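> Given only the sequences and the hints, what does the whole structure look like? Please build it.
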Amino acid sequence: MQTGPFRMQSTCTKCGGSGKTVKEFCKACRGNKVVPGRKSVRLDILPGSDNEDTIKVVRSGGEDPDGRPGDLYVTLEVREDPVFRREKGDIHVDAVLNVTQAILGGTVQVPTLSGDVVLKIKPGTQPGQKVVLRGKGIKTRNSPYHGDQYVHFNVNIPENLTSRQRELIEEFAKEEQGEDEKDAKAAAGASGG
1 MQTGPFRMQS TCTKCGGSGK TVKEFCKACR GNKVVPGRKS VRLDILPGSD
51 NEDTIKVVRS GGEDPDGRPG DLYVTLEVRE DPVFRREKGD IHVDAVLNVT
101 QAILGGTVQV PTLSGDVVLK IKPGTQPGQK VVLRGKGIKT RNSPYHGDQY
151 VHFNVNIPEN LTSRQRELIE EFAKEEQGED EKDAKAAAGA SGG
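Residue numbers (UniProt numbering): 1 to 193.
Certain hints may be false.
[Said to hold, decoys possible] Straight-line alpha carbon distances no greater than 25 Å define the calculated SDA-like cross-link-like pairs of lysine to any residue that follow:
1. Lys88 to Asp50
2. Lys136 to Asp94
3. Lys136 to Lys56
4. Lys185 to Arg164
[To be verified] Here are the in silico distance ranges between beta carbons for each label pair:
5. Val78 to Leu161: 38 to 44 Å
6. Thr13 to Lys88: 52 to 58 Å
7. Asp53 to Ser163: 55 to 61 Å
8. Thr75 to Glu24: 37 to 43 Å
The hints are simulated quantities; they were obtained by calculation from the structure and are not laboratory data.
Remember, predicted model here, so these are calculated numbers, not experimental data.
Yeah, the Cβ is synthetic: ideal placement off N, Cα and C, and Gly gets one too.
Laid out in structure tokens, this is it:
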């Protein structure tokens, strides 16, 4: 068995092995060599960029303690539009028809990303029915193609009618009811009842 002096080596707890010590730390960084702050960066947002997309800006992030800049990652948050609703490259818009437009057909002005267009309404258009405008949506990112625009029709039912309007609607209802009764009788006769 051997006893005697032996050597042990460890890193200095004061300087961390650098050979230098600081008597008084900087009040701004507290010795970390990095100070938090704000910086403006100019970004190019590509057409078709969507909510939660991330853009990497090389060498525009915060610096490490040795002064090397890092990368900046920006996550996009797309504001909602008061007119259009977005689903990836497709957009949706509502168009309100009056009762006569829905029943008889006609035209309605609809907003698109490139300006208003006039759509022809087919007679008998139902509430909730939609029309697709191909290629009128948002440009798809990294692609030459555009999404589609969906026009959703709503029908505005009047709350107040003039006496003449009420008379005409009641006349229409009687006519419609008479047609329904004829159809029911014809169906009963065809089934042998």
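> Would you mind marking each hint as holding or not holding in the structure?
Hint-by-hint comparison with the structure:
1. At most 25 Å may separate the alpha-carbon atoms for a hinted pair to count; Lys88 and Asp50 meet this at roughly 7 Å.
2. Taking the CA atoms of Lys136 and Asp94, the gap is near 15 Å; set against the 25 Å cutoff, the hint holds.
3. In summary, the hint linking Lys136 to Lys56 is not supported, as the alpha carbons are separated by about 29 Å, beyond the 25 Å threshold.
4. For the given pair, Lys185 sits about 32 Å from Arg164 by alpha-carbon distance, which is inconsistent with the 25 Å threshold.
5. In this structure the hint that Val78 and Leu161 lie 38 to 44 Å apart at CB holds, the actual value being about 43 Å.
6. Between Thr13 and Lys88 the C-beta distance comes to about 56 Å, which sits within the given range of 52 to 58 Å.
7. Look at Asp53 against Ser163: about 58 Å separates their beta carbons, and that is inside 55 to 61 Å.
8. Against the hinted window of 37 to 43 Å, the Cβ-Cβ separation of Thr75 and Glu24 comes to about 39 Å, which satisfies the hint.
When held up to the earlier numbered hints, the structure conflicts with 3 and 4 and fits the remainder.
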